[in-house]
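Sequences and hints are given; from them, build the entire structure.
Those letters in the sequence shown? Residues 17 to 99, by this note's numbering.
Simulated from the structure, these hints should not be mistaken for lab results. For every residue, glycine included, the Cβ atom is placed at its ideal position computed from N, Cα and C. Possibly wrong hints are sitting among the right ones.
Each pair of labels, with its calculated beta carbon distance range [what the hints assert, rightly or not]:
(1) 26 to 87: 17 to 27 angstroms
(2) 37 to 78: 30 to 40 angstroms
(3) 26 to 63: 28 to 38 angstroms
(4) 40 to 99: 12 to 22 angstroms
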Amino acid sequence: GLSAFPNPTTDRGRVVFGLAEAGDVRVSLLDVTGREVARLADGPRPAGRQELPFDATPLAAGVYVVLVASRAGTAALRVTVAR
Numbered sequence: 017g018l019s020a021f022p023n024p025t026t027d028r029g030r031v032v033f034g035l036a037e038a039g040d041v042r043v044s045l046l047d048v049t050g051r052e053v054a055r056l057a058d059g060p061r062p063a064g065r066q067e068l069p070f071d072a073t074p075l076a077a078g079v080y081v082v083l084v085a086s087r088a089g090t091a092a093l094r095v096t097v098a099r
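Next up, the structure:
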């Protein structure tokens, strides 16, 4: 599964997900309009548990979407930034 901690966050957090097999992965943070505001990963990742830090300090308060895209498919998760 895909999760983010803490959620909501005020400054720094992490995105956690698993990959069944090694391969290219893109992990993006999107605002409510679908615009990418941060890219957390873009390239080859090993199989297994992945943990990526993210910095929410420059982001405005609101709801964002973490989008994980790999050969196995796409997963999305809402993340709230609180001020």
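Do the hints match the structure? See the list:
At roughly 34 angstroms, the beta-carbon separation of residue 26 and residue 87 lies outside the given 17 to 27 angstroms, and the hint is violated. Taking 30 to 40 angstroms as the suggested C-beta distance range, the pair residue 37 and residue 78 conforms, at roughly 34 angstroms. Between residue 26 and residue 63 the beta carbons are some 32 angstroms apart, a value that agrees with the proposed interval 28 to 38 angstroms. At roughly 34 angstroms, the beta-carbon separation of residue 40 and residue 99 lies outside the given 12 to 22 angstroms, and the hint is violated.
In terms of the numbered hints stated before, the structure departs from hints 1 and 4, listed from lowest to highest.
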